[in-house]
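Whole structure, please, built from the sequences with the hints as guidance.
Residue numbers (the working numbering), protein chains in the order written: chain A, 1 to 309; chain B, 1 to 547.
Just so you know, these hints were derived from the structure itself, not from any lab.
Simulated DEER-style distance windows between Cβ atoms:
1. A:F25 x B:L285: 42 to 50 Å
2. A:E43 x B:Y357: 25 to 33 Å
3. B:T397 x A:P235: 28 to 36 Å
4. A:P228 x B:D250: 53 to 61 Å
5. A:T86 x B:G157: 30 to 38 Å
6. B:D84 x A:T64: 51 to 59 Å
7. B:E410 x A:T64: 43 to 51 Å
8. A:F25 x B:E226: 35 to 43 Å
9. A:W222 x B:K214: 51 to 59 Å
10. A:P235 x B:E310: 50 to 58 Å
11. B:G157 x A:M18: 35 to 43 Å
12. A:M30 x B:E226: 29 to 37 Å
13. B:A424 x A:V290: 37 to 45 Å
Here the structure is a predicted model, which means the values were calculated and not measured. Heads up, the beta-carbon is just placed ideally off N, CA and C, and yes, glycines get one too.
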Amino acid sequence: MIRYTGKRFLISLLSVWMLITVAFFLTRQMPGSPFQTGNVSGEVLEQMEQEYGLDQPVSAQYVTYMRNLLHGDLGISYMNPGESVTEVIARALPATLSLGILAVIVSLVAGTLLGMLQAFSQKRWVRTTILFGTIFGAGIPNFVIALLLALVFGVQWKLLPVVGLDSWTSYLLPVLSLAAYPTAVVTRLMCHTCRQELQKEYVVLAKVKGLPMRRIAWTHVWKNAWIPVLNYAGPAAAFLLTGSFVVESIFTIPGLGREFVNSIANRDYTLIMGLTIFMGVVVIGVNLAVDLLCAWMDPRIRKSYLKDV
Amino acid sequence: MYKIGKNAGKKWIAAVMAAFVTVAAAAGCGKTDKAGAEERKERNSITVAASSDTGSMDPAGSIALTYLTYSVSALDELLTFDADGEIDYRAAESYEVNEDSTVWTFHLREEAAWSDGTPVTSADFLNTMTRALDPKSGSGYANYLFPIRNAEAIYNGEMESGELGVETPDDYTLIFYLEKPCVYFLDLLRLPVYTPSCSTYAKETGSGWDTDPKTSVSNGPFYLAEYVPEQYMTLKKNESYWNADAVSLDEITYRFFDSQEAMLYAYESGEADAATGLPSTVMSLYEGKEDLEITETIATRYIYPNLNVEPLQDVRVRKAISLALNRENLCQAVGGDTEPTVNFIAAYMKDKTTGNYFIQEAEPPFQENVKEAQKLLAEAGYPNGEGFPVLTYNYPTLEMDSDTAQVLQEQLKKNLNIEIKLNAQELQVNYSERRAGNFDLCRMNWTADFADPYTYLSMLLSNSTYNCSGIQDAQYDALVAASDTETDPAKRAELMHQAERLAVGEQFYVIPLYSMKSCNLIRPKLEGITQIAATGALEYRYAKWAD
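Here it is in structure tokens:
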């Protein structure tokens, strides 16, 4: 296990380094400059690029960046020199995280319940309604749902706020938009596995014993059918942390996604790098943790892995 | 299918209903429409929807939209001009200038105070200039200090900052010594680099003093009370302000948005009392309603033809393209916030000495004429467009520019039988390709920095950094240089008209398309919002709720 852990850890470290390197050279490849905004004159632009070392060869800039990074210094945001990249991440993370966690919870709970309802209900209209719901939920991109919700609940009915995260009501629309897709996926998954479980012998036995269907569903089928859903929860959580870019822009939520989009548009190199590294480390870290957990639970995995590598 | 109990279906319906009730309950709490505006009215406060939060609030720092939003309500420049071209004295109460416009002396208001109660002194003005002339500051406006003696040398590191041609003989006198006469110097004073920053706190650019309400003091009607990056900033009335009696509001909150649609939603849902720079579709949406306020923006959209590209170095070809366009149709297709123009200088820029629009004081530089355009193209060797190479038109991927590009393509095909290839680029890419001169035809937009035609004319000078199409015209340079030092307003205006006519109507260095308007929504009960003459932006310092 120690050998396995060591190897996986090294490979993760290598992935992070690769990510940083590729991201660094790609951002410098983009045309444009962080200081190039509307009316800035050419001489001022050149002087500033010199000041920040952007006139140096990219390889030299890379060495400097990596040296600072190893000292834990992600640099300052070019667009707002008063703020360090670490501060930007610390400021934006809570908004993204709270929305993401809420959306995961909503999608797991609603998806599980709807999926079971679809599997067990005898009413055709209930099944059809949920089926269409999942088709829409999985098929319509979340920014379209976000715009629709903002239009209907915010602009037409004026029921819910569409700007920022000031009170708990502000969370409703963004969380709904973010949860739509994972809810649809969980619903389908749950319905599918429930139906599979129903064919199994233990269900038949329970029925023969005379247990009511309600009890079979809630005490036996539920637990077994939920395992694939749990497997999906990992990638879903990572998706919600990184995938809320557009929804954050629509509802003007000061989260990581909005920072990311703006930093790219502004060519704020240090901020692009900082956010890429942060999100990369989160995703790679989650995968590492899941792998280690699986290997710990199932020795076959780590054995086959060590053989392959 | 199996059945979970008899009433399972009904229970589910009940659960879904319960969820809706929750939303409806949320509705009650979140009810924001008129209640929001009413509530703000009672507190004597307003919320303004502002474009995205970018840049610092330090006048000597790297500034963008946030500073522009903040400064109109929080900072007093030395003086500015009102809509009629009259001087509006703010931090200064008078000024003198020597005969050849090279020494400008300003007398500051002795009663002016920062929001922490300390007096505003001449050293505070010098503080901003000294810091802005250090390239580390990241000030994009530093070049506007270059008319001051030694400023450019200091910026380039060739001189010490102490050698700047600015004197502060006492706390309330500020003297500028210029390199050469500058008749539009007063217009420059509204720029950030000429705005004061309190020497007590603003010691270092980028230290964060500007966004911390404890140290971010202001000398204008409002001061920064709270700043939440990317979300909002709240400004409160500055009771130490010399003109505090004229200020009615107690509080202004600026909320930051990334998209025009989000701003529109915020206005419609009652979360903002004013939203500016909205998409032109708002015009039809709000037609006939009091909320709609169309304002003139001091900006021109035009095309740069690259003079180093065959066949654009031939003036006949440039002229043919310019004459063949139908700007009226173009604007109809692009939107109601555009107005056709054949001038380079923004159509809504005023001549301060006469009070009229500057461009209307002279004949238009040229007139559209498809027949003549076809003739010119034939003379240049391309009868009916035959043999004319396919030119590429670079433009940023904004909706307005994409629409424009398509209309241009169609009109040139129809009127001259020439093809242009459309090349949509991300804004940053468009900027840098233009700067590098990598284009045949390139879309350009210029919003005035200050209220003088020089802000436009200077761009086409042979040595200008904005001259990216290879213009080298000694005659033009001489005309602009002459206008620069001419102290008689009428003679100066004539020189500038001549320069524009030469550039746009004879040499066709630029192909003007349209001037811009801004589409705004403002609660009808909100009064006293004025427009800044130099840029056309809205100013809320004297706004108030009507009874």
